[in-house]
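Number of protein chains: 2
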Amino acid sequence: MTTDATGTGVTEQALASLRGTADPRLRELLTGLVRHLHDFARETRLTQEEWERAIDFLTATGQACTDTRQEFILLSDVLGLSMLVETVNGDRAPGATESTVLGPFHMTESPVRELGADIDLVGGGETCVISGRVLARDGTPLPGAVVDVWQADDKGYYDVQQPGVQPAGNGRGLFTADADGRFWFRTCVPAAYPIPTDGPVGGLLHATGRHPYRPAHIHFIAAAEGHTPVTTHIFVAGGEYLDTDAVFAVKQSLVKDFAETDDPSLAKEFGVPNPFRLARFDLVLEPAA
Amino acid sequence: MTTDATGTGVTEQALASLRGTADPRLRELLTGLVRHLHDFARETRLTQEEWERAIDFLTATGQACTDTRQEFILLSDVLGLSMLVETVNGDRAPGATESTVLGPFHMTESPVRELGADIDLVGGGETCVISGRVLARDGTPLPGAVVDVWQADDKGYYDVQQPGVQPAGNGRGLFTADADGRFWFRTCVPAAYPIPTDGPVGGLLHATGRHPYRPAHIHFIAAAEGHTPVTTHIFVAGGEYLDTDAVFAVKQSLVKDFAETDDPSLAKEFGVPNPFRLARFDLVLEPAA
Chain B
1 MTTDATGTGV
11 TEQALASLRG
21 TADPRLRELL
31 TGLVRHLHDF
41 ARETRLTQEE
51 WERAIDFLTA
61 TGQACTDTRQ
71 EFILLSDVLG
81 LSMLVETVNG
91 DRAPGATEST
101 VLGPFHMTES
111 PVRELGADID
121 LVGGGETCVI
131 SGRVLARDGT
141 PLPGAVVDVW
151 QADDKGYYDV
161 QQPGVQPAGN
171 GRGLFTADAD
181 GRFWFRTCVP
191 AAYPIPTDGP
201 VGGLLHATGR
211 HPYRPAHIHF
221 IAAAEGHTPV
231 TTHIFVAGGE
241 YLDTDAVFAV
251 KQSLVKDFAE
261 TDDPSLAKEF
271 GVPNPFRLAR
281 FDLVLEPAA
Chain U
1 MTTDATGTGV
11 TEQALASLRG
21 TADPRLRELL
31 TGLVRHLHDF
41 ARETRLTQEE
51 WERAIDFLTA
61 TGQACTDTRQ
71 EFILLSDVLG
81 LSMLVETVNG
91 DRAPGATEST
101 VLGPFHMTES
111 PVRELGADID
121 LVGGGETCVI
131 SGRVLARDGT
141 PLPGAVVDVW
151 QADDKGYYDV
161 QQPGVQPAGN
171 GRGLFTADAD
181 GRFWFRTCVP
191 AAYPIPTDGP
201 VGGLLHATGR
211 HPYRPAHIHF
221 IAAAEGHTPV
231 TTHIFVAGGE
241 YLDTDAVFAV
251 KQSLVKDFAE
261 TDDPSLAKEF
271 GVPNPFRLAR
281 FDLVLEPAA
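Protein sequence lines correspond, in order, to chains B and U. So in the UniProt record's numbering, the last one in the first sequence is 289, and the numbering has no gaps at all. So in the UniProt record's numbering, the last one in the second sequence is 289, and the numbering has no gaps at all.
These are computed hints drawn from the structure, not numbers from a lab. Note that the structure is a prediction, hence the values are computed from the model and not measured. Certain hints may be false.
To be verified - DEER-style ranges, computed between Cβ atoms:
1) U:THR31 x B:LEU15: 19 to 27 angstroms
2) U:ARG19 x B:GLY123: 36 to 44 angstroms
3) U:VAL122 x B:THR244: 58 to 66 angstroms
4) B:GLU12 x U:GLU52: 26 to 34 angstroms
Glycine residues also receive a C-beta, built at the ideal position from the N, C-alpha and C atoms.
With the rest of the complex left out, here is chain B (with noise of 0.2 angstroms):
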């Protein structure tokens, strides 16, 4: 029972019920998580009302999920836990690929695509050509790596957003790496583009007079036997808000030319009109732990 007026009984009463868990990892984390939950509201002397209010706001914040969206990620991701928890797990050896956040649209699973397809089903973008390999840390091809692309449209809009003008699929694929672990498609330049602002996410943001802008990117994740998979993405070099992304996820190594080219035969290669613009880059992924 509990008298003190600071409050420290409770939190050793609440600390005392978790003794019994019998997964020692989840003793250890829901400790942590009320250690500092009640140090938080110790210190900032949360009031009943405030408590109220964030009680609703969560409670909104779970109700505004759907199958196509994820505001508790994104919740995460406005807040830097999303992108805290991508680093203090991706601790890559120099060399490898740089991870960054998965993001609250990466909810279907993409289509299966032939290497050079189109992602871009829709028309319309600047046309682009990603083309790259899967590699080891020593520089080893990895084929038949799988690559899951996917990206907003050059209007800033990923195809579970706008289910009755993209068609499903448009901005993903799923590739397979080839024999020299290469992968090339072709797709749009993506746009920067803003996390959606009509959840209660959006109401944080605008509490807090942040813009909820995203630098243009394309997200991937690759995988290949006897590696540790990669979460991450590449961003537009030159592009707007790479120093202000709403969910902090820009890391400088993932910042990568989509260059102009003009060049006939290599477009011919690539089976694009000339001129285009190219990216080129390598997926490093690290030997499995």
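Following the hints, position chain U against chain B.
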């Protein structure tokens, strides 16, 4: 742009993004929240998979909320956060009634009832009378004070949990104290009960090996002009779970005798059959800040 592996750069960016928050209190709260959330993830080296499970858990918690169920309050309750918030704000002068958690069942308006009314609309439980006064700290009665009461029935369920079984407003009443600050009403002795365990919070309790029970209690909010309202319960002395309340809400000063009473004239005065149970206590309010 971040390049660090410990994630301190991400934390700095997230904190910097909050500096434009117009409301200084919101800025303070969000800054504290980001610090503690990030420290939690960094200290525990929260994995991507654990983060995903947390996102799923929070989403399910939000989606379990309805007009008659508040799973996020329940989560806050079982983590001790609700009681902590109540405690850090409930720093009462000696003699004032101690506060405790609101709980998740104060979600409908209590029906206005006359003093002495029976809030047990179903019957079948052990009859009892609750009687007391609303007082200022110096003992002055507070006529016209409003006393909002809600409780589970003798089986341990609130009306909102059993819409087909209990009539709406069962176990609830909104009373106005008389000219002497007195309030009294008839009810049944409430039962100890498990908090709802069929949602995400039930899964959490199960994983931590905790029982879901709350000791038997009756909720009150007392309010009077010029005074700070108090949100509290009284607990039935001698009942089970007083030392292991699932939501850590028991304070010794709130444990009250529900005395077996054999007094025909008193029974007549209260309009109840003799013998009956009688709990007497006063709600003592502090002056408004």
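Status of each hint after checking the structure:
| no. | hint | verdict |
| --- | --- | --- |
| 1 | U:THR31 x B:LEU15: 19 to 27 angstroms | holds, 25 angstroms |
| 2 | U:ARG19 x B:GLY123: 36 to 44 angstroms | holds, 42 angstroms |
| 3 | U:VAL122 x B:THR244: 58 to 66 angstroms | holds, 60 angstroms |
| 4 | B:GLU12 x U:GLU52: 26 to 34 angstroms | holds, 31 angstroms |
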